[in-house]
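Asker: Order-wise, the sequence lines are chains A and B.
Residue numbers for the first sequence follow our numbering, so the first one is 6 and each next one is one higher.
Residue numbers for the second sequence follow our numbering, so the first one is 91 and each next one is one higher.
Since the hints were derived computationally from the structure, they do not count as laboratory data.
Check the hints yourself; a few may be wrong.
To be verified - Covered stretches of chain A, going by a simulated chain B footprint (3 or more residues, C-beta under 8 Å): (1) 34-40; (2) 180-194.
As the list claims (entries may be wrong) - Among the chain B residues that face chain A by a calculated CB cut under 10 Å, a handful are: (3) 134; (4) 137; (5) 157; (6) 160; (7) 165; (8) 171; (9) 188; (10) 204; (11) 224.
Ideal Cβ placement from N, Cα and C applies to all residues, glycine included.
What follows is the residue order along each chain.
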Amino acid sequence: MPRPKLFPKLLNLAVFIALEAAALGMLARYAPLQRVWVSRAAHGFMGSIWGGSQQVREYFGLKKRNKLLAQENTLLLQELERSRELLRQARLDTMAFPRQPGFRMIHAEVLQMSHNSQHNYLILNKGYEDGIQEKSGIITPLGVVGIVEAISAHTCYAFGFRNRDVSISARIGREGGTGILVWDGHSRSGALLKEIPLQYKYQPGDTVYTSGHSLLFPPDIPLGITGKARVVNGATNEISVQLLQDPTSVRYVTVVHNNSFDEIEEFQL
Amino acid sequence: MRKSQFWFVYLLLLTGQLLLSNYCCFTPYLMLSILPVMVLCIPIRVGTPLAMLIAMATGLTVDWLSDGLPGLNALALVPVAYARNGLIGLVFGRDLFARKEDFSSRKNGISNVALAIFLVQALYTAIYVWADAAGMRPFWFNAARFFVSLAAGFLVSLPASEALAPDSRR
């Protein structure tokens with residue numbers, strides 16, 4: 006059986022490195038020009054080592070950073086919503102309509118998600134002890150992910166957007182026609198915007214936003230991009246929409262709950 | 091060649107190198123050295139770590155006893171000792187190691203010996219010129235110094251190799 010040759014090779018390499026280091030050290034000690042040269046090379050080498058190790062550390066810290074960014078994102082969304090509400094109120098104050106709505110936002114993480122049925126669901130890591138309520142919307146900065154249906158102390162169950170029972174009030178552009186956005190039933194990030202009156206003109210490539218007419222979602226969350234359309238029953242347009250957020254790849258979400266939800270529900274009853 | 095004879099010739103050549111280093115400084119483009127061929131000719135029985143230590147000691151001796159920078163010859167010579175076995179295997183074949191036999195121009199051909207000398211001389215000269223310049227000298231100066239020194243060193247190393255590795259059957 007041949008003897009393993011790794012040890013002699015390692016020994017040779019170690020002796021070689023030690024002797025070269027000693028020679029370089031001697032050169033740097035006695036020759037000023039070479040001292041500068043060796044020190045510059047050593048700094049460059051150490052810099053690349055530290056830079057490399059820093060990159061590795063940053064890579065393994067990405068999960069934590071993502072979580073922090075998602076939390077920060079939720080706070081920013083909350084702040085944005087508060088500012089919008091103040092703006093809305095400032096406009097309404099001139100018309101003497103007192104109104105106190107607004108959305109509460111809670112950051113959450115997706116624990117589980119189904120992809121392969123017509124009734125896909127999500128389970129989030131926040132429950133009623135974290136402030137989650139039923140009939141809350143689930144969003145990301147790139148769209149709507151689902152609607153909370155049931156809650157326990159520390160988790161909640163939600164219908165995903167890719168669910169036959171979920172529909173969202175949506176609008177083309179900031180002031181275009183409003184319709185109902187539903188999953189197209191088969192593709193990963195395809196949807197249909199239904200019941201758009203024919204008189205509303207639009208161009209393929211227009212952005213679709215939440216309308217704000219629903220109690221579940223704040224207005225102006227971008228949802229997707231319009232595509233081809235077809236006329237249904239000669240009365241409305243049905244437009245295909247490419248969603249901005251792939252609902253199957255989402256991990257961090259924001260749960261939004263309308264503060265006026267119960268009040269408005271009472272009126273509707 | 092007997093062991094003691096080899097080391098006697100080695101010391102003589104080392105003295106010769108000291109003379110070359112101290113009295114043959116005609117131009118900054120020329121650096122005459124037979125040290126690489128001396129390290130190349132160290133008997134095969136001597137392992138690489140010991141050969142590296144010998145190379146280091148040889149380089150330091152020349153550095154301290156001549157006008158050169160302390161550590162410069164040692165820095166350039168240790169890689170020659172480190173690469174020696176691989177280079178001998180490449181040029182003369184691995185059989186030499188199996189037979190524990192040293193190379194010579196008669197057994198292995200003058201062209202092979204010349205090739206081996208050229209390679210070690212090039213390695214040594216490249217490191218020497220590069221470290222001596224310390225990034226301060228222009229490229230063309232270094233290139234000219236490298237080629238002139240390589241050619242001159244190669245020519246003086248051929249007879250030195252004959253002295254160190256004579257053919258036993260002669």
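Asker: Confirm or reject each hint.
Answerer: Results of checking the hints against the structure:
Note: the region 34-40 of chain A has 5 residues with beta-carbon separation from chain B under 8 Å; the three-residue rule is met and the coverage holds. Only when three residues or more bring their CB closer than 8 Å to a CB of chain B does the claim for the region 180-194 of chain A stand; here the count is 0, and the claim is violated. Taking 10 Å as the C-beta cut-off, the interface hint given for residue 134 of chain B is violated, the closest approach to chain A being about 15 Å. Satisfaction of the interface hint for residue 137 of chain B is found here, the shortest Cβ-Cβ separation to chain A being roughly 8 Å, below the 10 Å cut-off.
Proximity of residue 157 of chain B to chain A is violated relative to the hint, the smallest CB-CB distance being about 12 Å (cut-off 10 Å). The closest approach between the C-beta of residue 160 of chain B and any C-beta of chain A is roughly 4 Å, which is under the 10 Å cut-off, so the hint is satisfied. The beta carbon of residue 165 of chain B comes within 4 Å of a beta carbon in chain A, closer than 10 Å, and the hint placing it at the interface holds. Proximity of residue 171 of chain B to chain A holds as hinted, the smallest CB-CB distance being about 8 Å (cut-off 10 Å).
This hint is violated: residue 188 of chain B has a C-beta 13 Å from the nearest C-beta of chain A, more than the 10 Å allowed. The closest approach between the C-beta of residue 204 of chain B and any C-beta of chain A is roughly 26 Å, which is over the 10 Å cut-off, so the hint fails. Look at residue 224 of chain B: its Cβ gets to within about 4 Å of chain A, closer than 10 Å, so that hint holds up.
Hints 2, 3, 5, 9, 10 from the earlier list are contradicted by this structure; the remaining hints agree with it.
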